[in-house]
Each structure stands twice: as C-alpha cells, then as structure tokens.
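Peer 1: Given the coordinates of chain H, assemble chains V, G and B onto it according to the supplied hints.
Number of protein chains: 4
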Amino acid sequence: MSCPAAQKTHFAHPFDDDKLKEECGVFGVVGISDAANFVALGLHALQHRGQEAGGIVAHDAATGFNSAHRFGYVRDNFTKSSLMETLPGDIAIGHVRYSTAGSKGAVIRDIQPFFGEFSMGGCAVAHNGNLTNADALRRELIERGAIFQSSSDSECIIHLMARSIQRKHADRIADALRRVEGAFSIVAMTRTKLIGVRDPLGVRPLVLGKLGEHGYVLSSETCALDIIGAEFVREIDPGEMVVIQDGHIESSRPFGPSTGRFCIFEHVYFSRPDSMIGGRSVYETRRAIGVELAREAPVEADLVCPVPDSGTPAAIGYSQESGIPFALGITRNQYMGRTFIEPTEQIRNMGVRLKLNVNKSLIRGKRVVLVDDSVVRGTTSRKIKDMILDAGAKSVHFRIASPPTAWPCFYGVDTPNRDKLLAAQMTEEEMREWVGVDSLKFISLDGLYRAVGEAKGRDNSCPQYCDACFSGEYPITPSDQLEKGFEMKAAE
Amino acid sequence: MSCPAAQKTHFAHPFDDDKLKEECGVFGVVGISDAANFVALGLHALQHRGQEAGGIVAHDAATGFNSAHRFGYVRDNFTKSSLMETLPGDIAIGHVRYSTAGSKGAVIRDIQPFFGEFSMGGCAVAHNGNLTNADALRRELIERGAIFQSSSDSECIIHLMARSIQRKHADRIADALRRVEGAFSIVAMTRTKLIGVRDPLGVRPLVLGKLGEHGYVLSSETCALDIIGAEFVREIDPGEMVVIQDGHIESSRPFGPSTGRFCIFEHVYFSRPDSMIGGRSVYETRRAIGVELAREAPVEADLVCPVPDSGTPAAIGYSQESGIPFALGITRNQYMGRTFIEPTEQIRNMGVRLKLNVNKSLIRGKRVVLVDDSVVRGTTSRKIKDMILDAGAKSVHFRIASPPTAWPCFYGVDTPNRDKLLAAQMTEEEMREWVGVDSLKFISLDGLYRAVGEAKGRDNSCPQYCDACFSGEYPITPSDQLEKGFEMKAAE
Amino acid sequence: MSCPAAQKTHFAHPFDDDKLKEECGVFGVVGISDAANFVALGLHALQHRGQEAGGIVAHDAATGFNSAHRFGYVRDNFTKSSLMETLPGDIAIGHVRYSTAGSKGAVIRDIQPFFGEFSMGGCAVAHNGNLTNADALRRELIERGAIFQSSSDSECIIHLMARSIQRKHADRIADALRRVEGAFSIVAMTRTKLIGVRDPLGVRPLVLGKLGEHGYVLSSETCALDIIGAEFVREIDPGEMVVIQDGHIESSRPFGPSTGRFCIFEHVYFSRPDSMIGGRSVYETRRAIGVELAREAPVEADLVCPVPDSGTPAAIGYSQESGIPFALGITRNQYMGRTFIEPTEQIRNMGVRLKLNVNKSLIRGKRVVLVDDSVVRGTTSRKIKDMILDAGAKSVHFRIASPPTAWPCFYGVDTPNRDKLLAAQMTEEEMREWVGVDSLKFISLDGLYRAVGEAKGRDNSCPQYCDACFSGEYPITPSDQLEKGFEMKAAE
Amino acid sequence: MSCPAAQKTHFAHPFDDDKLKEECGVFGVVGISDAANFVALGLHALQHRGQEAGGIVAHDAATGFNSAHRFGYVRDNFTKSSLMETLPGDIAIGHVRYSTAGSKGAVIRDIQPFFGEFSMGGCAVAHNGNLTNADALRRELIERGAIFQSSSDSECIIHLMARSIQRKHADRIADALRRVEGAFSIVAMTRTKLIGVRDPLGVRPLVLGKLGEHGYVLSSETCALDIIGAEFVREIDPGEMVVIQDGHIESSRPFGPSTGRFCIFEHVYFSRPDSMIGGRSVYETRRAIGVELAREAPVEADLVCPVPDSGTPAAIGYSQESGIPFALGITRNQYMGRTFIEPTEQIRNMGVRLKLNVNKSLIRGKRVVLVDDSVVRGTTSRKIKDMILDAGAKSVHFRIASPPTAWPCFYGVDTPNRDKLLAAQMTEEEMREWVGVDSLKFISLDGLYRAVGEAKGRDNSCPQYCDACFSGEYPITPSDQLEKGFEMKAAE
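So the sequences go chain by chain: H, V, G and B. Okay, so the first sequence: first residue is 1 according to the working numbering, each after it adds one. Okay, so the second sequence: first residue is 1001 according to the working numbering, each after it adds one. Okay, so the third sequence: first residue is 2001 according to the working numbering, each after it adds one. Okay, so the fourth sequence: first residue is 3001 according to the working numbering, each after it adds one.
The following block holds chain H by itself, in its conformation from the complex (with noise of 0.2 Å):
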C-alpha cells in the first residue's frame, strides 16, 4: 500500500539515472549525551550514500524511544533545533537511503530504521545493503500472520526478530540474519546497546569510531567519523557481530567463520574520496585507477579533463602518469539538486546542461581525453561528447575508471535492468561508436584490482572482492531475482 502523494513532488533527474546509486547509509552513536545531533551530523557526511530521506531514532531513559522520519536532504531536516530537541538521550542510531528495492514510490514508511517493540523492550534497526531473499521471506511471514507496514526488505529483519524465540535483542538479530540472505552492514539499538553487524562476505561497508571518552560510533564511512571527531578504531569485519554497551564491546561471529568479498564499486565511485576502505585513501585508489588507465590506454592529447565531480582524481592520475595537462574543462553548476517539483517541459528537458557547461574557449580545437569513473547507459556520455564537440574540442576521447558495467547489481546498489546497460548490449567498439567519440577506453578488470592494492590483479579462482557487475560472477545467490525470471552468466 502505498501512500502516493510524496511520489509526485520528487522527479528525478534523467542525467541522474545514468549513475549507479549505493542505496543507503547507516550510522549510530553511544555513550554520548545529545547522541542524535551526532547521527544527524554522520548522516550528514554520508548523504551521498542516500539522498531521499532520512531518520534517526533515539533513547532517552524519561521519554523512551522517540523517533524522526523525513524525505528530504539531512542538512533540511535534521539541523533544526526544534526537531532535535523531540530526540533526547545518550544512544541513537540514523539511516540515510536512496530508495527501497520495490517501491512504487516514495512512502515516509520505508524510511528507517524500523522499530519493533517487543517484550524485552524496543529494538531499532538500520540496514545498508539488499537481501537477496526478501521476496520469499515476506510470503513465508505474511502466512504467519506478520502485518508488513513498509515495502522494504529491511522490515523483514524486524519480523523474524519478533518470532525469534531468544531473550536477548542481540540474540534475535542473530537469529533473525541467519535467516536473510544478501548483503547487509546493519547498525541496530536497543535501550541501552548499540549493535553493528555485517554480513559473512562483508559486502557493504561498516567502520567504528571512538568518540569522547565513553562514547562509541558505527558508521558506514570513515568520513562520517572525521565530521564529528571521532577517532578510526578499525572496520567491522564480515560475519563479525559488535555489542557496544557502557563502553564495552562485546564481538562474536554469528554466522561461522568466512572471508569477505567487498564490493570494489565502492572503491570506484560509492565512498566519498576522503574515506579510508581497508588502510587505503579511496581518493588515493582512484587516483591510482588513473594511472593505470593512462599505462593500459595511452592517448596523444593536449588536455586530461575530469567529468565532474566523480571523474577528478581518476583524471589527475591520468594526467600525472601521462603529463597531459589536468584542466576543468567542464564546471559543474553547484546550485544543481536532485530533483524538481513540478518542472516546466523545458526544465524536464534540459538534462546535463542545467548541470554542467563547457569551458568553450579553454576546448577550442584542442584534443581532449575526458575521464569518468563509469559508464552505465551511456546517455550522459553522449551528451558531453556533443557538449565538447559543440565548444569546438579537436578529438574527444573517453577513458573509464572501471570495467565495462555489464551486470545488475542486487547487493544495495540501484542499477537498471540489465538491457539497460549499455556494456550488456555492445562491445567496447560499439560503444565507442554510440557515444560517438573518439576513443573509448575503460580500465582492466585486472587494472582495476592492481589499483586498489592487489598487486598480482584478480585472483580467478578465488577473487578478492564482489565484482558481479563488472564479471557477473554473484557471490551471494540472487534468489529473488531468479524467481522473477533474471538469468546468470552461464558459466564457462
């Protein structure tokens, strides 16, 4: 059921269609009074992760659990002291989301974390990522009798909580992710504990902070630590389960031991550039994609231009490795949102230029390498190139700091359907010549692995990271997806 005024007030932008979109954001703080002006600060810093809506519950021993859900950017919501002052107490936990896998549109229900009350008491839980068997999961506890509220496949976690036979709220999470399949970095909290937990391949991020001296911070990115000072502990490890209570953590391993897969799209584009994955400077990574590229597809050219923003340090480490000269060909309009209300045609038509605009007289009848971290439908890619060429640029050629993107991605991310995908329907020459450019490079599977520190590139046998959308090799079964008719790479 759905609640279809909000459905109208929000359209997306087409040239935002031609990005991949991690779908959410996950953050929770403990041990520090206010803990919700924390969360609304982290969500803050992670809104690239989720841009929709967001929400935050807290914990206040005089009030309870009290909660906020809004649609709309954190920084017009959350920042307000009137709203703030309704969230009291010394734990909280937020979620920031791009959309929920089945919505017919944007419903203040699907906003998380979700709430169960159960005997032992409330328990709110976020969830970063996509289970992959939440179809079957909903039809099963719809039989037994489970009232579903929201159209995510997160409100499944809360449901088999609640038919969860343990006494212990950690207890029931466990029991409950034992029965999910997918990925998921979950940050959940009860009165009193604030509990983090990722999946055996650890597919989606999850990191932990210090904050003060008794406080304690789970967040999806390192950026959100550095925003409200907390200090980098070490990351979540996959399958690991953390309970933070009274400045103790307490990890366990609910699920077995396992190794992680983690998704390297967040390397390429996900995580913002200042945030560390796994010791690495994500913007370090992506500088070193560039480089990579500029070895593997060398270009005579007289200037390496970024599409902005995402494309600039993939660009700077092309121009470095080629000494082409690095230059902003291109500005991005920074009054530029999301979305429009009720546009006028013209605005609904207007695409990339509202966006971007060609610095013409830096292009004129020079050769130019553009360089962007992917390349989904192509659409974008198209228009720039015509951008380009229409402020008189000599050659264009494009060069792509990630594989070809030929497979859908059912872990968290929002990804067309797979015909959508220009690398699913043609080769790299195809490509080249649909976009009309030049050139058209993208960087090695083995290029892309070498970048982010794997020195010897992939391991075929055994890969080090989910890279089902560049390989349409799926570490985690995509059950649901299978029902509803998706068919997997054959194998070889």
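Be aware that one or more of the hints could be misleading.
[What the hints assert, rightly or not] List of simulated lysine to any residue pairs, SDA-like, C-alpha gap at most 25 Å:
hint: 1; chain 1: H; residue 1: Lys168; chain 2: V; residue 2: Glu1140
hint: 2; chain 1: V; residue 1: Lys1383; chain 2: V; residue 2: Arg1432
hint: 3; chain 1: H; residue 1: Lys168; chain 2: V; residue 2: Ser1151
hint: 4; chain 1: G; residue 1: Lys2080; chain 2: B; residue 2: Glu3342
hint: 5; chain 1: H; residue 1: Lys394; chain 2: B; residue 2: Gly3279
hint: 6; chain 1: G; residue 1: Lys2394; chain 2: V; residue 2: Ile1277
hint: 7; chain 1: H; residue 1: Lys80; chain 2: B; residue 2: Gln3346
hint: 8; chain 1: H; residue 1: Lys80; chain 2: B; residue 2: Gly3072
hint: 9; chain 1: B; residue 1: Lys3456; chain 2: B; residue 2: Pro3325
hint: 10; chain 1: B; residue 1: Lys3080; chain 2: G; residue 2: Pro2343
hint: 11; chain 1: V; residue 1: Lys1080; chain 2: G; residue 2: Met2350
hint: 12; chain 1: B; residue 1: Lys3080; chain 2: G; residue 2: Glu2345
hint: 13; chain 1: H; residue 1: Lys210; chain 2: B; residue 2: Gly3365
hint: 14; chain 1: V; residue 1: Lys1383; chain 2: G; residue 2: Gly2212
Don't read these hints as lab results, they were simulated from the structure.
Peer 2: Here is chains V, G and B on its own, set in the frame of chain H:
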C-alpha cells in the same frame, strides 16, 4: 515510539477540554467510481466526530490499494484534486479521529484506517469505539511476534486477523472481533468487499445507505448520507455483520443473538442534529429534552439563551415549553478553529473569550436561563457565568440537557479521569455554588429516557441504553481500566 | 503588476458569491504594551468583515516600525508567538480585508495597512471603505511621479500625504482626505499617535474604546472591544478626526460640518449581532426586522426556519410575532471554510450542500417559512428551496430581512454588477417564480427604517441612512464608475 | 519598515562570512516566446552572484506585466510549471541577489526587479552594482513626495524615472542614471523593449547574446548565455546604453565618453570559471594567477591542494608551474547549502567542518601548499590550517590568488567593515603568524595585472581596473560612506 514533531504543532484549547469528545467517525462506499471522493465528503459531514486527523484507503484494479493519512480537517486535505487523484477505484473507506487512548502525542501512524497485507490479499479497517481489553491483547500479540506500528487499540484487530486461520477476510474479521471486548462499529474493505460490523450491544452507531444504482454506503451517521445524496436504508443491528459485494448484502450474526444498548449520549451531544437515530430526529430529541427540562426545572426568567451551539435545540424546547422568550444572548465567533500553533501567552490565556461574546445590551438587567448540553469539568460554565454577569444580567439559571456526568466512558469517548468530573465530586447544590449561579438543574435520567422516546423512562432492571457516564453501570467490563486501578461503582 | 502565484491557491466557493461582502475591518491600539497582540485579537473579532488577508503594523522605540501581512485568517497567522514577537511596541494598527476593487488577484502588496516614510517620520494607514475617485487620483499621482505598489484605491491616501506641504502627519492625512471622495473610516498611526477619521457621511462605522488606564482603541465594531476587555466610549462622528497621544484625545472636523448617512446594511448583515450601533444592539435590530416582516408579510405555516446563520435573529423575531414555532430546519457544517486549494471537480460542484443540510424528519410534510437576510443573485435561495422540497416540505415561503438589493454599492462592499442582481432584473413576483417558492416577500424600505428605530420610516427628502443598494440614491457620486459607464437611476 | 518574519528563517553560516560576496546578477530576454523560462535558466547559471532571492518580471500582451519574487534558489522556485505559467510573454527580465545595503533583514519587497507604472506604461528595472549616493538621493526623493517600498538603493532609480520629464522610458532611465553615482549594470524592460546600461566605468559586467532568429539576451556573464544556447555577441561597453526592440539594437552613450575600469575581482573570484571576460577565459586567468604565484612565491613542498572550490584553478596553475603534484587534499560536502533554519547550537558551532573534510591519509607527513582565492577575515584560513595540521601535515604554506584585501568595496560587493579585514590590520608576516602557518604569500598587484593580460602590470597613473579593495584607490567617490564617517586612504 512516537514521532514527536507533530506534538508541538497542535495545541488543544483549554475550553475544548470541557466537553466529552466522540473519538471517531467511519465511512465507506462501494460500487461507484471515484469512491474516495464520496468518502471525503462523508468524512467532512462526520468531522464533528473527530477533528484531529483523517485517512482514506481506496482500491483500484490497476494500482491496488492506495491510502492517504493526514492531520487536520478533511476539507483542508481531501478536497485537493492532486491528492484525490491518487486514490482511484470504486471502493474506499475512511476515518476521522479525535485521538487514541494511550498515545503520547499525535502520530501519523495512529491515523486510521489500518491496513494489513494477508496471504489472501489486503484489508483495511476503520474502527469507531474503544476496545476495553486492548492492553492485554497487545501484550499477548507482541509475545507472539506481532510488530505494532501505532499506539492505537484498534491495531489489535489487524494483528488478530493476521493470526486467524480462516480463509476469507470477513471470517478473519469475525474471528478477531470475537477476541476483543468493548465497543466497536467497524467499516472494513478488501479489494471488492465493503464490510460493516457493530458490537453485540451496538454502543456506537452505524447505518447503511444506498447510492445510485449499484452503490452502497456505511456511515456513522445519516447526515453523511445526505451530503452525497445517498438514501438511508437502515441501521446495522447490534451484533450484525454485513458484507457488501457486487450490489449484494450478506448479513450475519457472528456473536450470536444480543440486545442492544446504544450510547444515550449520542442523542444528547455527539451526533449531529440533522442525523436520525432509531427513526428519531436528533434535533427533535434535543428539543424534547428542553421541554422535559422546562417541566422538571421551571424558573421565572426573562430570556432563554443557549450556550452555543450545542445547547440550542434544548434551549428552543425550554423556551417553547416555558413561554420564556428565546434569544441568542451569546455570539460564537465562527472563525474559531480548534488548535493553535505555538500561540502567544495571551492567546493561551484568553480561553472562552476567543470563541464566545455576550450580547451586552440584550442581557443587561435580565433574568437569564442558560441551556447547555452537559457539564464536564465545569470550568467553561463558570467562565460563561462570569461573562453573563459582567454584561449586567440580574440573575443566571443554568439548565443542563443531560444528567450529571459522574463516570468516565471507556467505549470510544474521550472523558477526563473521574476526579476531574465535577459531578463525581459534588452534589448538585455544591456544583451550583461552585459555578456561582442562582440555580443549576440537570435533567433527570428518567427525563432523558422519556425525551429519547421511552415513555416510561429507564427500565432499571434492563436499561435500554448505555448510560454508564451518568449511572456508573458499565454494560461491558472495562478490563484494562480495572487493571490500571479504576474502581467501579459498588453494587447497591 | 500582479503576483499571480497567490491567485491559484484561493478558490472562492460559488455560494459565497451570493452574499454582499464587507471589504474591510480596521483596528488600532495605543498606550499599552504589546499593542500588536491586542490588535490581533481585535482583528479576530472583526474577521467577518474581511476573511482573505490581514496585516498589522506596530512601532517600538528600539526597532522602529515593524509589520506583517498575511493571507488567511487572523487566527492562523497572528496567534503565533514567533510572529507576534516581531511586532513589539505600545502602538499598533491592523486591517482585515476581503478584496480590493480592481485587483486581478490576491497580492501580498495589496494587504493593508499601507506605510509611508515621510521626512517627519513614518506613518501607517488602514482604510475601511472605498474611494469613488481613486482611478482619477491614481492617474494624476502617477503623472506627478508617484510609484504605486498595489492595485488598492487606498494607496492613493499615502501618496497624497507624501505630496502635502503640511508638517504634521495628522494635517497631511486631513489634506489627503480632503482630496478623496467616497466612504472611509481610517485608522492611522505614527510613532506615537493613533489617528481615526470618518468621512463626512460616516458611511462605515468606527468606534472609540478605552483599554486599561492609559490605552485607547479604535475599532470598526464594538464586538472587537469586548474581546480585549476594552470599554466602549463613543462612536467617532461622521466627518470627525481624532488624534490620540499620551492618553489625550484631540478631536477636529477637517471637512467642516456634516450630517451622517450611515450604511443601513451594516444593521442588516455586515456587523456582528453582538455589536452595538448607534446605541442599539444589532441582534435586537435584526429581531425587530423579523417582527416587522411578520407584520408586513404574514403567512400560515408550521415552522419558521432561519437560513443559517445570518437569518437567525430575524427568524426568531418572525416566530415571536407570528406565533409560528421557530426551528433549526437547516444545519450548517461548522467545519466549512471559505476557500479550497485546487479542489476536485466534485467539490467545485457541491455548492451549498457542503455547508448546509436539511433536517429531513423535521421538515417533512410541513409548511415552512424560511427567513434569510438578503437575496443577491438568488442562486443560493434556489438551491435551499430545492433542499427543503427534497426533504418533503409541503410548501416554502421565503421572507427576506432586507428590501430587494437592486443597486451595487460603491462604498466598500463587494457587490456584483447590476445585471447580476436578481432584484435589478425582476419584479418580486418574477423573483418568486424564478426561485420557485410558494411566496417570497421582502421587508419594505420603510419597514427596515422602522426596525432600526426610525419610527416614522424613511425621510425621503433627507434620508437618515445610506440605502443606495435598495433605493439607487447614491449620497456620494461614484465618479470612477460613471466614467466606466455605470448608469445612475434617472431622477424621478 | 521591515517584515521581520523572514529574518529568523535564514541563518548565514559563519564561514560564509569569510568571502566577499557579489551582490547581484541580472538577466533579460526579448523576442522569444516564454521568455521567463529562459530568464529562469539564466538566473540559475548566475546563482553564484546572489543566492538569497530572485525575481522575474515578464510582459504579455494579454495579461500585462506579471512578476514573481521569491526567497531561495532559482531552482527551487522558478522551475515549477505552476509558477512559470503565470509569467507568460516574449519579454522578461530577472535578478538574483545576495542582500541589499542597509536592510535590517530579508524582506520580500527588497527583491528585484523593481517595477514602476508610469503614464507612458510600466517599466521594470534590475540592477547589479551599488549606488554610492543612494542615501542622499533617498532623502531628497522622500522630501519630494516619493514613497519608498524597500530599503534597496536601487529603488531610487525607479523614483528618479517617475520624476523625469522625458516621454520615453529609455530617456527617463538615462535621466535617472545621470543623477546617480556608483556602479551599475542595469537590465530594464518596458512592454516591448529590453534595455541595458553600464555605468561609465563599467565596473560590473554586462554582455549581449543572440538567441534563435529574433531573440536577444542581456546577462551579467557569458556562462548564462551557454545554458540557454545563446550565442555571445559582445560586451556592453562602459557608459553604453542599448535599447533592443523587434530585433533591432540601438546603442547610445548617455554619459558621454569614458574609459572603463572593470572590477578586477570578477576575474579572481566573482565570475564563474566558465565565463569569458574581455575575450579571456576566467578559468585560464585564474590558472595564470597560480602560475604567477608560483613564480613570485615558490616553496619546497610535496603537494599543492586547493581550498575548495574557488582555489582550484590557481592551484592547478601553481602545480603546473612549480612541478609540485596537485592533489585534492580537502573534500567539500556537496550537500552543504548556505543557510539553516533555527539550527541547533552544535550546528551553529560546527563551522567549516560541516562543509570541508581533510583527506587524512593523503596529507599525513606531507609539506602542503594550500591555494585559496582570497583572505578576508582570515577565520576560515585558520580553521583549515587546523584541520590540515590535525591530519598530520608536516608543514603548511598558504598561497593566495589575490593581493591582500585591505579596503571595503562600495560598488556592489558585500565586504566587512575595514576593521574586520585582516589585511587592513596586519602586515603579511603578522597575518602568517595569526593564521599559524609556515608561510603565507599573496600575489602582488602587478602579478595579478599580468595574469589578467596586462603584460606590463598595473599602470599606476591610470589603472586599467578597479582594484580599490586592494589599493584603496576608489575610482568613484563613496559619498554616502564618507558621510557616515568612512576614511579614505590618505593621498601619498
């Protein structure tokens, strides 16, 4: 868990506390296109039964179940074409509410209708009344894995339905309602069926109407049939369930045979004067109360003035029976709403003056009979008396169109605790003195029964109505309240 | 130049067009702290004189002149502490308005009070009435370099003041008002002075009140004195100017001696029943009109029902004089506001049904006298007749508490063009037939004069009131209208 | 007189105070249908010149002049079809603004374009710049009967026009502008004519573009031509007026011959990098400043990092000239807006951290050159230094792409008072110490002139640019400021 933001924005005005408040109105339509539009109009006509919030669920073959829940008046929300377009289909139900027992504040999740997705399809339920064993049921359901989303007693019904082993929605509703105790008039809907149920005593009203050739309507009151041009068919009987589909009505008695005890206060105050109950015009009943009152408690005076607006029909009757001229001595400001957002100190302290003004030149030097429908806390009566005396009245005589309200209602009416009820604390003479008037008389319980058509008055061995608020005789055991320490009247 | 955005959001409901509308109410306070709070309350009590918008200007030594202008009801805007805090000081004036002559749509710049910064300091002006030579004045002022900001006739006053060579604000106001023609009751303020003026005929009301020890109040009606607990002192005389400062009142006659001709329709409909005009209770006057009407136009019937709510006092009088029982046969929905935002087609077509419902069981088989205050277009009368007949009335007799409205008002009342006025197009018998009732009678002009206290009726050689809307005798030449082609009644 | 409600809702963030702010952007279109849509897009591209509010006036034969003025970003207001539909016609002008000199707070009446109804028809005027004799003019105009509606200096122009004896709008504009002193680039419109004027020194920019076959455009910058696909024609000359009608352009010199002194800070910071000024790419000029800076102030270091985003082009130039690698050591949060509504204490104190984060693993142990465009108060520079040192940098060297800003601008830029300007209080070495860095160097004034293309640097006898903010040499006497006590630099 509350969503506290909404709490601040609604400030119930002090003098509003001095009336009992019906908590809900329900309305449903099937068999006519754009059913939700008719529901909106019906709810507008039932707004007096619940002014805080409203909700509509509609079903359409193409888009499934759609819903909208909003704080505020029906007319401010459900008249907009942009919203109503999102509620297509030829079946819809709706609900207006005052507030829910137990809630900390106004929460969007508490607004009905509630919806449940079951394995045999969705079902929406709107409830007028109050369940007297809801606390116990909720504890039991949570123990068995239910996740509650609201603080409303009515949500139990959905969870009980979800746990029923019946295959049909209507059977599940019957199953669920056999587990609950209390007062309920239910309007529910599936994809194709409109369902109505009244509790065995029929405490709250529910009527059936016919709309056009194929349409049927269920409504709390007949005045809401009038607004959409529907024809009154009959009242749903106490203990009856009707299932309406494709123009056919199926009636059953899921609770076995029962004798009704309709709420007598519906006649006195809750229902609209242009509604008909039990074949009688509510307006005429109220006028008849005034006539009885003039016989029981005559007084020498110059003017009979109603306390606007609910005292008017009884004042007319009193004037007609007594021969004392009727006059509008108190003017009501028609621009007065119910709530203020962050009001100034001065507004907060204005009280009844914001709403009422005395017609000084009319009142000066006169002996005035003031007719009001009821006395709850008595605070407003005192303020009105002050205003009348300030205007120069020679003497003031209060005549009340109901017996002393000495007991709280647990069947869907918002009553103060017993210790706040003036009549629970004082004798009639003490009340007269406290209010500060020359005389203060209530109609007798027998007089009230006569006015509603029981020529012989109340049958004390087997009362024809629920009159617990006057008599303290509760026809349904208020279990949750007893558990919380409420003391019932000692058996005599 | 209009700001068209506001136009869409206000949709005046059809049946609202069927009443004449007072265009404004004015209110001012001096000599009490937080004066703006009192003005807000006064405007709330005057809301019936202008429901579209309101404005307040206040002056405070520390922050100077501050103002707020808002669309919507006073109670929805000027009760918020966050707004009222921005209007400090012990002098303030305010204005509520319906709409301004000539405006294409609702524009925030048209909301009064208007403000002008002069070399001797600022001055704010609020105007109730209408200037009949505003078009000519505006052309002249523009020719002389004035920049108009609104489409309001009242803005001329500020520009005339700016061009006056007088040194004092009050003298400039007098200078300006000597140049204007039309009806005006003005409340103005400087940093320290509260100023009130009525036009030589005193067409629109203005009264003086005392508030606390040092405070004075100017108000359109006495009911607004009551709400703030101010004491009525006297009416401002036709042609009088008062300047109030430091508790002293200075009175002058800037226009020379004059005899008043107060608007008789203020008695019939515009003023609130709890106001007093010329020492008479408006409610009592209206009841007396009903008494006169019963004498002039008796009929055999079973019930006298008011058309809510404005017909009620006359209906009471009619009932008392005729002996036919008074009854509330038509119920008014108290949740009905005046406007809808983008309403559905259905709402647009509902008309009077959204607002009124007939009490069927009361009306069925009865001969009904319906008492209404006036007939303008007659469209609502027809709809009400339909409702009454649908409910089964045996016969319907309309009795109208004013003479036929056959001429537009140009003195501050929103009247349709003459060709839209039913009484300008038809005889009484034709009207009866068109409305479709068994009889239709208006009170005579002499009868109306008697009811307002002129025992001998109208002095035709020197009428005591402005009754142009009934008689076509305009006491002030409507120059702008004549220029636009309006034809006055031929001299007889 | 202010409308104080708006004041509370905008809270300029502390670190925003540490940049000079262009106060306005202007844009106009004639000769193309739906002109207002193009103006909206143009204003969106000029948003960096004024982020607080925007306004558009359009003219259409059928509905006359229509306008809309809104607080907030262009993209949040002027993209909605419901608003844009109210602005029909083939001629329109618009304005974005930061704030107006002298205003107590944000007032809707201060938003331009301003409009005046004259005897020969309406005229709307949008002004970029600042009038240096506005206070004196305002006093004089009030004395002569003008009613001011805003606190804006620009409103004087409309009132001066209203008093001109000329018969044509353009002649009245010329008349008015001959009375004003200061900097102005004006875009104005009548029913059929688009008019552009630059002050004799041409301090602020204004360019002419061609749109489609018959359309013409006036814009503050060329980047706004690009977004609507207009072709750059030429800059309007200093002291030139153009009147465009029916595809013809008439040029005149109402102020006689003059030599321009364009604002050199437009090159440094105000204009967008993708605009062209005087045939030069702004981006290239900024890169050239970086090259000059590297020559003038070399340093041994490991990384050159821009202070985002305005320092980036100069940082690229510095890196290229010095050979020190360029790196994005500071990440900017792209979801950061400019204002907060009632922010929490914590948000208020967060400062630059909400917006910027340091890439710790990149910076740690490095000698870092930070390139920023300017230093105003210096407070942000200090905070950035702290962040860089906290991240573990070995040493920090600031390089500033403009000379020390030691004097306020009175020509349309929002500058702090002189005593708030760091460079007005300290020597370069004192500033270095106060900021707390290892070295701090500004480009020389001659170096800046070289970078903008004056190979021989500044011609001190006859400077080519307005550089008053650096040199203290004001080419237009700031009369109002002198009257308020501002002391100009002593002649040397």
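Peer 1: Each hint: holds or not?
Peer 2: Tested hints:
1. H:Lys168 - V:Glu1140: 18 Å, holds
2. V:Lys1383 - V:Arg1432: 14 Å, holds
3. H:Lys168 - V:Ser1151: 24 Å, holds
4. G:Lys2080 - B:Glu3342: 16 Å, holds
5. H:Lys394 - B:Gly3279: 21 Å, holds
6. G:Lys2394 - V:Ile1277: 24 Å, holds
7. H:Lys80 - B:Gln3346: 10 Å, holds
8. H:Lys80 - B:Gly3072: 18 Å, holds
9. B:Lys3456 - B:Pro3325: This hinted pair is violated, its Cα atoms lying about 30 Å apart.
10. B:Lys3080 - G:Pro2343: 19 Å, holds
11. V:Lys1080 - G:Met2350: 14 Å, holds
12. B:Lys3080 - G:Glu2345: 23 Å, holds
13. H:Lys210 - B:Gly3365: Since the Cα atoms of Lys210 of chain H and Gly3365 of chain B sit roughly 23 Å apart, the hinted pair holds (cutoff 25 Å).
14. V:Lys1383 - G:Gly2212: 21 Å, holds
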